[in-house]
Every structure is written in structure tokens, then in C-alpha cells.
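Take the sequences, apply the hints, and build the full model.
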Amino acid sequence: MRARVVVTLCVVVAVLLAGVPWIASPATIEFGINMLLLAALAQSWNIIGGYTGYPSFGNSVFYGLGSYGTAVAMLSWQLPFGVGLVVGAVIAVVFALLLGRAVLRLRGHYFAICTLGVAEVMTAIVSNLEITGRNQGLVLPLLKGNVLFYELSLALVVVATLVVWWIARSRFGFGLVAIRENEEAAASMGVDTTRYKIFAFAISAAIGAVAGGIHAYWITFIDPVSAFDIGLNVKMIIMAVFGGPGSILGPVVGAFVLSAISEVLSSEISTVAGLFFGIVIVVAVVFMPRGIADLLRRFHTYRWRYFAANVRATRV
Amino acid sequence: MDAVLSVNGLSKRFSGLTAVAHVSFELGRGEILGLIGPNGAGKTTLVNLISGALEPSDGELVFEGRSIGGLPPFRRAHLGIGRTFQIMRPFPGLTVRDNVAVGALFGTGGGERDLAKARAIAHEKLDFVGLARVADRPADALGGPDRKRLELAKALAMNPRLLLLDEVMAGLNLSELEEVIAIIRKVRDGGVSVLVIEHVMKAIRSLSDRLLVLHHGEMIAEGTPEHVLEDPAVVEAYLGKRRE
Amino acid sequence: MNLLWQGIVNGVLLGGLYALMALGLALVWGVLNIVNLAHGALIMLGGYVCYYLFTGAHIDPFVALPITAAVLFVVGYAIQRRLLNLVIRAPMFNTLLITFGLDVVLTYAAQIAFSADFRTVNPSYAGANFSLLGATVPVVRLLAFVIALALTFGLWLFLTRTPLGRAIRATSQNLVAARLYGVEPRRIYALTFGIGAALAGAAGALYGVVSQLNPYIGTSLTAKSFVIAIIGGLSNPLGVIVGGLVLGLVESMTSLYIGATYTNVASFGILVLVLIVRPTGLLGRTA
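Taken in sequence, the protein lines are chains A, B and C.
Taking the numbering used here, the leading residue of the first sequence gets 7, the next gets one more, and so forth.
Taking the numbering used here, the leading residue of the second sequence gets 32, the next gets one more, and so forth.
Taking the numbering used here, the leading residue of the third sequence gets 254, the next gets one more, and so forth.
Hints may be right or wrong, so weigh each one.
What the hints assert, rightly or not - Going by beta-carbon spacing under 8 Å, a handful of chain A positions derived as facing chain B:
(1) F180
(2) V183
(3) T199
Claimed, not checked - Derived coverage of chain C by chain A (criterion: at least 3 residues anywhere in the stretch with Cβ under 8 Å from a Cβ of chain A; other residues may be distant):
(4) 337-343
(5) 437-444
Everything labelled a hint here was simulated from the structure, so no lab data went into it.
All values reported here derive from a predicted model rather than from experimental measurement.
Where is the CB? At the ideal position from N, CA and C, for every residue including glycine.
This is the structure in C-alpha cells:
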């Protein structure tokens, strides 16, 4: 019963969001595209970080490969945008399959740091390649009209959320959660941990790459530093964790809430918005370490003691 | 007797230290084999070698007529080898039922594909070990004895043909002990071969068809419980341990 | 040949400073099991403290260094005591995230307080140098190198020879052992983080003398500190010297023979390779 209410609500929200471009100002639509792309990225991180428990700092690489894959396909090979998105996604998935084999053997800090290193290396490599325009980056053909990009971004969020919804109630998802909770036990119960982890990484890569491709064509300009920006990876993590990692809607809600707050603040002064972001992270980790999703689930039983209980559980 | 598992000259060395030294034995279909020995004798290492968590330095493992050396743990689980862990490892973020459902979804033969069916199997196994009342609780809310049962239920949900039990009875009181013994017997009556590591001597004596004694990684005795427990070498291994 | 020799000298001098940068990160990681993503921001903060002591109070940077370290110790102690102790038993990911949040807060606070302009600590002798077998050795870089090594060695002596140092090492093994030393874990944690921050402060002061400061240097310094800690391992503070020298030499050689734009490929490439091939570091084991 409750599940049906949530699903209905989600459909209504999605339909309302789809109608926004017909009533909103261009500035609002631009804000909406950024917000939706971040939601899709947070959701893609959720698959490898939230469900599988591997805190990846390399997802910005998938985004960057998607941006460049789409751009190179359109510029160097004269392919249409749609095909370009597929090219970007395929490159990212192949990269995830190869990279995953090597780095998904590492755990915890080591995995996080190794993926961070990979992101740095990729930025530097792309800044030095001829086909990617080196440091100067690439300029894509201009396509007027934010509406198409808005609807595409919204569709990506919906698809990503449906994928996560499928994962959450599938045998595959059970395997991922078992890996997150206890990898050795999962293996001894018959979960092919290596294949599952790599598969999760690849799905995450595909979604991130499409987001990168949409963004590249929308902005019409990409350069290595912004396309492979680790700060973007950090945003995905913060939004997913703020909303509730390992939940179906948490990352999307987290991305919407934080984007909105940050938009309001940065219209004042951007430095203050940055400072606020940092404070939100610190406060959220201390008082609601399992995100909004968990807060909503348990607040009615614990009330305000919820926050104190979280602190008590982890302090020394 | 039709051997489900044959272990031939199995050894495991950790940088100079020999944890398991040239162990050989066979386990028959529907047999309960007790594995005993002082702390640090290499019992858990042996279970890890059979389940695939560790690779042996030497020796051969044959399960139902096929060599399983070098197979990763999940493949051995698919073949029908289920295990429990001495240090209990529930999936803390999942409910008790879903913990067990993981076993049903991935166990022997690759497991059950259908989630609803897996949950039904999980419920049946929880009922079997007496945990049905807490099926919807998160696994990390369970106390010690219930966690032992949960470990057992998770392994059983895999529908294993060989069950490796690593100290599932430690810390249980007398009536709980009897319940668990009855459960293991029932499992065996279903045709499952069982290897039990246990420190509770009374339990292992009444449960096992045969006993195997490890000491410093070596097999020092094998045979019926009565016979083995009177073996001077075994007595010395235990008493020697006590004097330390 | 002469170019190579100059490259080696540059790499070694840089490596000493790198070692000091990584020292605090490795200490906190090894003892508290926190990978402090705000470590580079603390280095940045130390640089500014030294800068203002020099430009505001006209204190020589090498005299200001201990003052800077003391200020950062207080900052670090307070951060651990008031904030990080609240989440010390949380999953590793949460501590990673909270120190990232701290990094963001410190960076933007620095931007508001100090502006985004480049600053450098520029004493009268900044340009002094001498020739060593044909290679130019800037005096401030040599001084920074010597101080960095002395501090690293000093920490090693402190951890192995003093009761407090032994208590800190025991804490990294387990809490019960720490209690046997009669020390409260809360205080030991705060002290350890304070020492880590003080070392970052000292590194920052030296960094301000040999290079340029701005509020955003923290992230890349954190990343480099990681690389060094990973190469050197966490078990022995002297490992960071090896790690620092390796990174310093690799960066210097890469910019000499391949091109300055490839230094990041080289240093992070090493990080990725070391992690994949030998996750416990090139030397020793991690805790």
C-alpha cells in the first residue's frame, strides 16, 4: 500500500518535471538540466558506492569519457548526437570492465584512493592527446533549445532510477548488497563477487557517460579539467550519501535538495555556497550518516533522539 | 562407503608457518565427521581450504568425483559446499530473512532465480532452525545464540551436499545445544554430509560418526569417538595444551 | 649529464619536503585509521600562518615555523576532540567524507579570509644559492630539506623512545592496550591528530618559502601525500622519506625528460600501479 503511494507520487513528480520547460524561464530550465544531470550521476554512483559498497572516486572518469566520446564521435567521425552518446557509453563501459578487473580487488580506503589516482591520470592523459584537443578542449556544434536537453536529462534520471529499482529487487542486487555487507561471506554463499562488482561498475559507467555526453552537447564546449573534474565525483558522493546510499530514491532526493540549496546560496555569493556545502557534509555525517532515506524511515519512532543516537553510536 | 569429499595430502603454509600439514581423509555421504583439536591446530584453516577461501600449498581436494582445487569459493558453493563462519558474518544491513535468502539465491547449482521463491525457502529454513519469529528484524539486532542459528540457516538455504560447520555450538546453553544437535542430525538424515568443528566435547561425541584430531596442523588420530578420545596422543595434545 | 644531475638535486630537495607533507597524513592514517582529506588544507593553513607572521610581524619564516606548528597543533587537537571523535567508530567511508567536508570548509574559509591571490613568503635571502658539483642548490630549499628530514627523524624518535609516543603506537594496535598505558583514547586521538596537523603546519611554512600559496593548493597536496604514504607504507615514519624521495625524483625526471604536463600522469600512475601490484605499500605492511 505504502509502496503504491510512493510509486504514484514518483510518476506524478516525473510528469510535472517533464512539463516544467513549457512554463519556466530559460534560467530555471538551465538550473533544471544541471540538477537532473547531477541526480543521474548520484544515482549512477549509488550503484557502485551505495549498493556494492565500493566508494568510487573514479566515476568522474566515466562522465569525462562520455563527454569526450560523444564529442569526438560527432566532430571527428561526423556521427549524429544519439550515436555519439552510445559511443561515449560504450567507451566508458569498456574502460570500466578493464579498470574494474584491476581495482575492484582493492577495498575501503585503497579502492577510493586508487580510483582517485585513475581520475588524475585520465585528466592528464586527455590533456595531452591530439584527438581530444589537448588542453584547449573541443568545441561542439551549437544546438539551440534547452528543452531537448532538459527532457533528455529527465529521461536519464528516470532510466537510472528504474535501473536501481530493478537492482534493489533482483537476484543481482541481493548479490551486490551481500558483497557490500560482507564480501567473503557472499563468495562462500555462491556470489560470483568479481563478476558482480565489475558488472555494477559497468552499469554505473554507462549512466555516468550518457550524462557526460548530454552535458557536452548542451554546453558545446569541453576541456579536460572540467570534463574529468574530481569535484563532480565528490558532488555525486555527497548527494548520494546525503539522500541515502543504497536506497532507490535517496540519491535523487539528495541531488534535488542540495542543488536547490546551493542555487539559492550561490545567487548571493559563490564562496558562501561552497562553505555551506562543506558545513552540510560535516553536519550530515555526524547527525544523519545514513542519509535522508534513513531519517524519514526512523524519525517517527525515534523523534529528535534520532540525531543523538547516531552520534552515540560512533563517538569515542 | 561412497566418498563425497576426499582430501589427499593437503598442506597450507603461511610464510614459514605450517598451519595444515599433509592431511588426508575421506567423508562419506550422509556422514557426520567431527574435527577437533586444541586452539591453533589448523581446524579453521582446513575448512577455509575446502571452501576455497584459501588455496592450499600442496595436496588435492576431490568433491563428488571432481577435483575442486583452484576453483574460487563461489564455484564450490555452486557445486554444493556450504559453510558457516566461526566469527559470525551476518549481512548486518539486511533482514534476517533476506540474509538467508542470499543463500537460497546463490547456493547449489547457482541457486534459485526467483526472489519470492528464495524468500519462501528462507522462511522455511528459519522455521527449521527456530528463527521464524525474528525473520523481519535486521540481522545485526540478533544476540549471540540467534546469530549462530542464522549462520546455520544461511548455509542450509544453499541446499548444500556438504556442510562445513565452524563452531556453531560455542556459547550455547544445554537446551540450545540439544536443539542444534537435533537440527544437524535432521540435516544429515536428508543425505547431507557434515564436517563439524567443535570445542564442546560432549556435543561432538554424541553427534559425530567419526572424529578427526588435528594438532599443530597434523592429523594425529582418526576413528570412532570412543576410540579417538582414549588415544594417548590425543589426550596428550589436550592435556599438554592445558599445562601451558 | 649536467641536466640530469640538476634534476636529481631538484628531485631530492623536493622529496624531503614531500616527505614532511606526507608524515602527518601517514601518522593519522596509521593510528586513527582516518584518511584525512583535509590534510592538504591544513598544510595550506600553515603556509598562511607563516606568511602573516612574516609579513605582519616580520618574523623570519624559519623562526615562525615552530610557532606555525604550535598554532596548527591547537587547531588539529580541537578538530579531533570536538568533531572527529564523534564519528571515529563510524564506517571508514563516513570519516573520509567528513574530512572532505572539512577540506571544503577550510578552503572556502581561506578564500574569504586570505583572498584567492597567490602569496609567497619571501625573505631577503630567498634568492641565495650555491653550486654543488655544477648543480645550483637554492639555500632555502636545502634548509627546508634539512628541517623536513630532522622533523621526520624527530617523530620517529618520539614514537619509539618516549612513553607518550609508545602509547600512541599502542593505540594504533588496539584500544585495550592503550588503556593499559593509562591514557584516555579520546586524548590520545586528539594528540595524534594535533601532531599530524602540526607537521602539516611545518610543511606548509616551508612550502610557502619554496613555492606559492593560494587557498586551493590543498587538494593536490593531499593527493601527493597519499601517494607518498602508499609508497612508504604506514608502519614506519621513516618510510615517508623513501616515498617522498621517490615522488620528488619521479616528478623532477618526468618534467625534465617527458614534459611538465606529464608529472601528474607519472605520480598518480605510480600510485595506481603500487596499489594494484602491492596494496600494502612498497615497504612494510599497513596497520
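So, going through the hints one by one against the coordinates:
Because the smallest distance between the Cβ of F180/A and any Cβ of chain B comes to about 5 Å, under 8 Å, the interface hint for this residue holds. For V183/A, the suggested interface contact is upheld, since its CB lies about 6 Å from the closest CB of chain B, less than 8 Å. The restraint placing T199/A at the interface with chain B holds, with a minimum CB-CB distance near 7 Å, inside the 8 Å limit. Counting residues of the segment 337-343 of chain C whose beta carbon lies closer than 8 Å to any beta carbon of chain A gives 6, which reaches the threshold of three, so the coverage claim holds.
Counting residues of the segment 437-444 of chain C whose C-beta sits closer than 8 Å to any C-beta of chain A gives 3, which meets the bar of three, so the coverage hint holds.
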